[in-house]
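On the provided structure of chain A, position chain P as indicated by the hints.
Chains A and P, in that order, give the protein sequences. Each residue of the first sequence is one higher than the last, beginning at 1060 in this note's numbering. Each residue of the second sequence is one higher than the last, beginning at 13 in this note's numbering.
Any given hint could be a false lead.
[Stated by the list, open to error] Straight-line Cα separation of at most 35 Å, DSBU-like style, residue types lysine-lysine; simulated pairs:
| # | chain 1 | residue 1 | chain 2 | residue 2 |
| --- | --- | --- | --- | --- |
| 1 | P | Lys33 | A | Lys1115 |
| 2 | P | Lys59 | P | Lys85 |
| 3 | A | Lys1132 | P | Lys27 |
| 4 | A | Lys1402 | P | Lys16 |
| 5 | P | Lys27 | A | Lys1115 |
| 6 | A | Lys1132 | P | Lys33 |
| 7 | A | Lys1115 | P | Lys20 |
| 8 | P | Lys117 | P | Lys85 |
| 9 | A | Lys1132 | P | Lys20 |
| 10 | P | Lys81 | P | Lys110 |
| 11 | P | Lys117 | A | Lys1132 |
| 12 | P | Lys16 | A | Lys1384 |
| 13 | A | Lys1143 | P | Lys33 |
| 14 | A | Lys1115 | A | Lys1217 |
Calculated from the structure, these hints are not laboratory results. Keep in mind the model is a prediction, meaning the values are calculated, not measured.
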Amino acid sequence: MLENLFVGIAQWLRALLGGVGVPVEINEAIVMLVKLVAILVFILINALWLVYMERKVAAYMQARIGPNRVGPKGLLQTTADIGKLISKEIIIPKKADIAVFLISPVLIFVPTLMVFAVIPFGKNMAAIDMNIGVFYLLAIASLSTMIFWMGGWASNSKYSLIGAMRVVAQMVSYELPLVLGLLGVIMIVGSMNMSDIIAAQEHTWFIFTQPVAFLIYFAAAVAETNRCPFDLVEGESEIIAGPYTEYGGMAFAMYFLAEYANIMVICAMATIMFFGGWHAPFGLTFIPSWVWFFLKMYALIFIVMQLRWTYPRIRVDQLMGFSWKVLVPLALANIFITGIGMKIYQAMGW
Amino acid sequence: MFGKGLIKGLQITWKEFWAPKLTVQYPDEQHTVPERFHGRFVLDVDKCIACGLCANACPNKVISIEKQKVGKKQYMTGYKMKIQYCLFCGLCVESCNKDALHFSKDFNMNQYFYRDIPLVLVEREAPAEPLEEEEPAAKAGDKEKPKPKPKAKAEKPAEPAAQTEVAAGKASDKEGQ
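With the rest of the complex left out, here is chain A (with noise of 0.2 Å):
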C-alpha cells in the first residue's frame, strides 16, 4: 500500500472528481495541478530542512551540536529564520535597477520547481513522463545563470557583480563537463527519458559502468550549485556574498533557499543517471520505491555537504583549469571509450 501511496492519491483525487462529473479535461488539469503544488511544498519543507541538515552535518563534523534550541532538537530552526528574515525590511540600493532587483530573487526559484516537474520520485512518480526529460532537466537549469547575472548586474555593486560574472563564468564552463559526463549514460541506454534510464539500471547502476562519468558529473554539479570547494561566487572572505550582497532579508533568503533546492536536483539528477533511481538494491524491494530515491538522494546530499566541510575553496584559475583542462578532456575521453566499449559489446552479440 505505501509503494503507491501518491499513485494512490493521485487515482483516489481522480476518481472524486469523476464522481462529481467534472469533465476528463478538467479532471487532469486538476491532478495535474495539485501534483505540481504538491511538488512545490515538497521543495520548500525540503530547502528548510537541509538548511537545518547543513547546520547538523556542519556542528558535527567540528565536535558541536548545532541548532537544538528551537523546537525538538532544533527542527524548527530554518523556520524561525525565514520567518525573522520574512518580516525584515527590504533594503532597495540607491542605484539599483530596482525592478530587476526585485524579480531575480523571486525568478530564482523557477528553474528549479520546473525542473522538479520530470522527475521521477519513485515508480511512476513523475509529475510529466517527458521524453527529453534529461534534456529538459539540463537546460532548464542552466537558465539559472541568468537569473544569478540579473541578481548582480542589478544590485550596481562592485562585489556583487564580481559574483555574478564568476557566477555566469563557472557555471557556464561546468555546465559543459556536466553534460558530457551524462552523455556516456545517455549514450548506454539510448534514450532520454528518465523512466527509461532508471528501466535499464534494474540489474546494474550506471555507477559501476561508468564511474569516471559519475566523477565527473558529480564534480560539475558542485560547481554548477556554487558549492565549496567552487564556492567562488559567494566566496565571503573575498567579495562578501557575490551576487547577493545587496539582497537583505526574504530576497536574500529566496537565493539561499535556492541553493538547497540547487542541491536537491542535482542529487535527484545523480541517483535517476547513476544509482538507479528508485530501483531497491539487494531485492530490498518491500521498502517502497520512493523511499529508496529519498535514501540515495539524501546520502548524496550527505556527501555535497561534507564536501562543503571538508574543503578548502579553490582559486579562480584553479576552478577554470580544473573545468576545461581535466574534466572536460576526460568527459570526452569516456564518452570515446564508452562509444567503443558499446561497439565491441554489440560486436560480440550482446
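Only chain P this time, still in chain A's reference frame:
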C-alpha cells in the same frame, strides 16, 4: 596517487562526524570549575578582624572597609568591593592574615543594573555596647550554650545584607540564563 589527499580529508570528516561532541549545554550543564578558580569573594565575618590589609593590598582600590570602635575592638560595619574594577588577582586573599577572605567558584556575577554590581560582603550596624569578652570563654569550654546569643545578636543586623547579597547572586544566575 593523485587525489589521495581528498579521500583522506573525507575520511577525517567522516570520523569526526561520529566522534563525541565537545559542546557543553551551558545553563543545563556546566564544566567543573577548577579548584583554585578566582570567582566571587566570600568573607568569613567571624574570622575577619577588620585590619584592612586586603584593602591595602588591592592594586585597584576595590575594597572599602568601614569599621567602628566598639569597646576595645574594631567592629566591621561594612565590607564592599567595587567588583567592576576587580582584577581577581588574588592579592587581597593572599594578604589576609586571618584566612577570612576566600574565592568561591561562582563566576556568574553579571547584573542587570549598574548599581547592583558592587559586591557587598558585610553591611551591619555596630552594637551599641561592647560585646562581652566571649571569645576566650568560648575557647575555654563549649558546653555552655547560651554563649552564642550575643554573637547572634551582633550578627542579626548582618543578615539582611547577606540576604541582599544572596538575592543579587540569584538575580545574576537568572541573568546568566
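Now for the hints, and whether the structure bears them out:
In summary, the hint linking lysine 33 of chain P to lysine 1115 of chain A is supported, as the alpha carbons are separated by about 12 Å, within the 35 Å threshold. For the proposed pair lysine 59 of chain P and lysine 85 of chain P, the alpha carbon gap of about 13 Å is at most 35 Å, so the pair holds. Restraint check for lysine 1132 of chain A and lysine 27 of chain P: the C-alpha separation of about 22 Å stays at or below 35 Å, so the hint holds. Among the hinted pairs, lysine 1402 of chain A with lysine 16 of chain P is consistent with the structure: their alpha-carbon atoms are about 34 Å apart, no more than 35 Å.
In summary, the hint linking lysine 27 of chain P to lysine 1115 of chain A is supported, as the alpha carbons are separated by about 15 Å, within the 35 Å threshold. The straight-line distance between the Cα atoms of lysine 1132 of chain A and lysine 33 of chain P is roughly 15 Å, inside the 35 Å bound, and the hint therefore holds. Taking the CA atoms of lysine 1115 of chain A and lysine 20 of chain P, the gap is about 22 Å. The hint holds against a cut of 35 Å. Using a Cα cut-off of 35 Å, the hinted pair lysine 117 of chain P and lysine 85 of chain P holds, with the two alpha carbons roughly 32 Å apart.
As the CA atoms of lysine 1132 of chain A and lysine 20 of chain P are separated by approximately 31 Å, the hinted pair is consistent with the 35 Å bound. For the hint pairing lysine 81 of chain P with lysine 110 of chain P, the CA-to-CA distance comes to about 19 Å; that is within 35 Å, so the pair holds. Note on lysine 117 of chain P and lysine 1132 of chain A: the hinted pairing holds, with a Cα-Cα distance of about 31 Å set against a maximum of 35 Å. This hinted pair checks out: lysine 16 of chain P and lysine 1384 of chain A have alpha carbons roughly 20 Å apart, not beyond 35 Å.
Taking the CA atoms of lysine 1143 of chain A and lysine 33 of chain P, the gap is about 29 Å. The hint holds against a cut of 35 Å. Under the criterion of a C-alpha separation no larger than 35 Å, the hint pairing lysine 1115 of chain A with lysine 1217 of chain A is consistent with the structure, at around 33 Å.
Consistency with the previously given hints is maintained throughout, with no hint failing.
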